[in-house]
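Asks: Line order of the protein sequences matches chains W and E.
Going by this note's numbering, the first residue of the first sequence is number 9, and it counts up by one from there.
Going by this note's numbering, the first residue of the second sequence is number 419, and it counts up by one from there.
You may find that some hints are simply not true.
[Stated by the list, open to error] Straight-line C-alpha distance at most 25 Å; calculated SDA-like pairs for lysine to any residue:
#1 E:K532 - W:Q53
#2 E:K485 - E:I730
#3 E:K458 - E:E632
#4 W:K103 - W:G169
#5 W:K167 - E:M536
#6 E:K558 - W:L60
#7 E:K558 - W:V52
#8 E:K643 - E:I588
If you are wondering where the hints come from, they were derived from the structure by calculation, not from laboratory data.
What you are looking at is a predicted structure, and each value in this text was computed from that prediction instead of being measured.
Chain residues, written in single-letter form:
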Amino acid sequence: MFGAHSWSPSASHSALWVVLSAFWVSSANGLESQTPDLGELLKVQAQVQSQLSHVSRALVSVESDDGAASGVIVSPDGLVMTAEHVTNQPGRKLKLRLADGRQVTAKALGLDRTTDAAMMRIEGDKKNWPHVEPCRDLREARAGTWCFALGHPGGYDAKRGAVLRVGKVIKQMANGLQTDCILMGGDSGGPLFNLEGEVIGIHSQIWAGRDQNVHVSVAPFLRAWDALSKSSVVRSWGSGVGGWVGLMTRRSKQGELEILEVAPDSPAEKAGIKKGEIILTVDEEKVSDQPQFSEAISSRPSGSVVALQVRGKSGERRVTLKLSTRPEVEP
Amino acid sequence: MKCGLIVSIVSIVLLLAGFTQADQPPAVTAALQSTLRVEKKDGTLCSSALLVSEDGYTLTKASEVRKTEDHRFVLPDGSLTPVREVERDSQLDLLLLRCEKTTGLKAAHLEESKSLSMGQWLLSPRDGGREIRAGVVSAKRRSIPSAGSAIGIQMDLGKLDKGVRIKAIIPDSPAEAAGLQPNDVVLSIAGEPIDKNQGVRDLIGRRSPGDEVEILYRREGRESKCLVRVASRAHIESYLSDDDYANGGVSLRADRFHDVLQHDVPLGPADMGSVLMNLQGQAIGINIARADRVTTFALPTEAFWPQVKKWIEKDRAAR
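Given these sequences and hints, build the entire structure.
Replies: Now the structure itself:
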C-alpha cells in the first residue's frame, strides 16, 4: 500500500521463495515443541512494557524524497543505527522525525552493502539525545528467544505513533536474525530489541511468510563500529570461522547472489572469479543471498574444496576452489 | 500455572488439536466457544461471527457478508444454523444476526477495554474458531479516516465520443471478478452516463466499500451490464504494491472507523468478526479489519456494544 513512498525491507521474488522454502522451513521446525505457560507470557509482557517508554524515545522516522524509513539513536551525541538501503550513500543528508514529532537533520555515515548495516549522525552539538544501547553479546539471541520490534511501517503517523511487534527469534545467521516480528515498508532501519531493551538487530528484509522477517544483527555494526561512524564503506568478505573465499556479495535486484568485489590473492581470484558474476550454487546447493552464502562458506573448514556454479558474461561454468584461512589483515 | 500454549513459528498459535478441555486456559475456551464460521455456499470461509447473547444474537463484519442469504453459518460441531438479519450498520461495518441454534456455543462477555495498554497480550480465534492466536496491542487507539473507494480499473485518458475505455484491470480486483476486461468501454455507472475519467472516479468514490454498482459497458460493439462490488481504495492498492506482502490479503474495508484498537495478532481477512480477548478471558472487542501486513483493527467494546445492545433490545421487544 505504501510501496511507492516508503523504504521497504527488500522483498524477494516469489520464484525464489520456492527455491528457498526448504531452507526456511527446516530452520523453523525446531521451535514448535516449545510450550510457554501463561506465567511466561505475562513475564514477557511485563518486560516489554517496562522497556517500552524508554526505548521508543530513541526511535526515529527517516523522511526524504525517496520515502520513509526508521532508525534508532544509540549514543548521547546522536549516532543512529539504520539500514544501508535507507542511507545509500555516505554524506547524504536525511530528515529525521523524533518520537515527540520534532524534526532534525542527520548525515549518513558509513555503510556495509553486504549486510545492510549503516549509521547516521544527527547534526548539531546536542549531547543528551534519548538513546538505547546495542547488545554487546548476541549469543543470547538464539532461536526461541523473545524479542520485540519498533518502527514506522508505512511512514510516520502522529495519531498512530510507533508500532510494536512482539515475537521470537527463529534463526540466528552470521550477520542477521530471522524473527516472527512482522515487518513491512517503512520499518526498514528500525530496531529489534531483546527484553532488556538492547538493540539486537535492524530491520532489513522481508519474504512472503509472516515468519520471514530478517534483521541485520548488531554483529556487523559492532565489528565495524569505528569505521561506520567515520563514514567508511565497510567490506564484509565472504568468510567465517573456518574457510575464507575472498568474495564480497550481495543479493541483486533480480534476487541473485551478485559478486561485488573479489579480494586480491584470494582463492576466488586465483580461480578466475570476476566482479559482477553471479553465484548460483555452492556444492550443488542453491544460494541467493549473502547470509546463506556466508553460512555455506563459514561452515566449511579451510583447506576444503568447494564447487561453485558461476554465471558470467560467457555463460555458466563450474569453478572448483580450495578455501584458505582468513588473512590477518583483510584486503 | 501450566496451561499448554504452543509457540509456533508464526507468532503464537494455540492449536486446538492436542488439548483436552481441562488443559485449555479459560481465555482460549471462551474465545473458541463464542465463534461461528461464516462460509460461502462452496464451503470457503469468508468471515467469523461472534455470539454476544445466549439467545442467539451474533455479530459479523458487514462488508464481507454482503448478502446474508448467500452464506451459511456453521456451529462448532459442524452443523448449520438458520439466521435472521436484524441490523446492518455501515458506520460500524457490523451485521447483527439472530441464530436459531447455538449448540456448542457460549456467548462472550463484553467488557470495557479502557485499561488496555500497549504491549498487552491479546488472543483471537483464527480459521473460524479452529485455532487461537496471540499478539499484543501494537499502536495507539485512534480513528481511521476514509481512504476512498475503487473497483480496480485504470482508465484510458484518450477522448471517446461516448464513455471511457478501460486501459487495464488490476488482478484480483472487483472489476476482474465482475468480468470486465481491458478495452471495454464503460458507458454508465449506476445509470449515470460517463464521459470522462474523473466521472468514473467520482461515481465510484462516492460509494461505500461493499456496495454493488451496475456498470453498463460496450465490448466489440455489443453493450452488456455487470454488477461490481466496490472495495476500499487501500484494498485495491494493496494488489499494486509489489513489496508489501499482505499475507492472505486485506479486508474489503479497513477505513472509516471512529475508534479502533490496533494489534499484531496474525489473522486473515476471514478472521474478522471474531472476538478479541485479553489473557483473563474477557472479551474486549471485535476484530473488524485487516489493513496490511502488520495492521489489524478491532472495535473496542465501548465503540459498538451500547449501540448493539439497543438493537437487540428493540428486536426482542418486537418478537
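Asks: State for each hint whether it applies.
Replies: These are the hints, each one checked on the structure:
no., hint, verdict
1, E:K532 - W:Q53, "holds, 18 Å"
2, E:K485 - E:I730, "holds, 20 Å"
3, E:K458 - E:E632, "holds, 22 Å"
4, W:K103 - W:G169, "holds, 18 Å"
5, W:K167 - E:M536, "holds, 14 Å"
6, E:K558 - W:L60, "holds, 13 Å"
7, E:K558 - W:V52, "holds, 20 Å"
8, E:K643 - E:I588, "holds, 19 Å"
Figure legend: structure checked against the earlier numbered hints; every hint is met.
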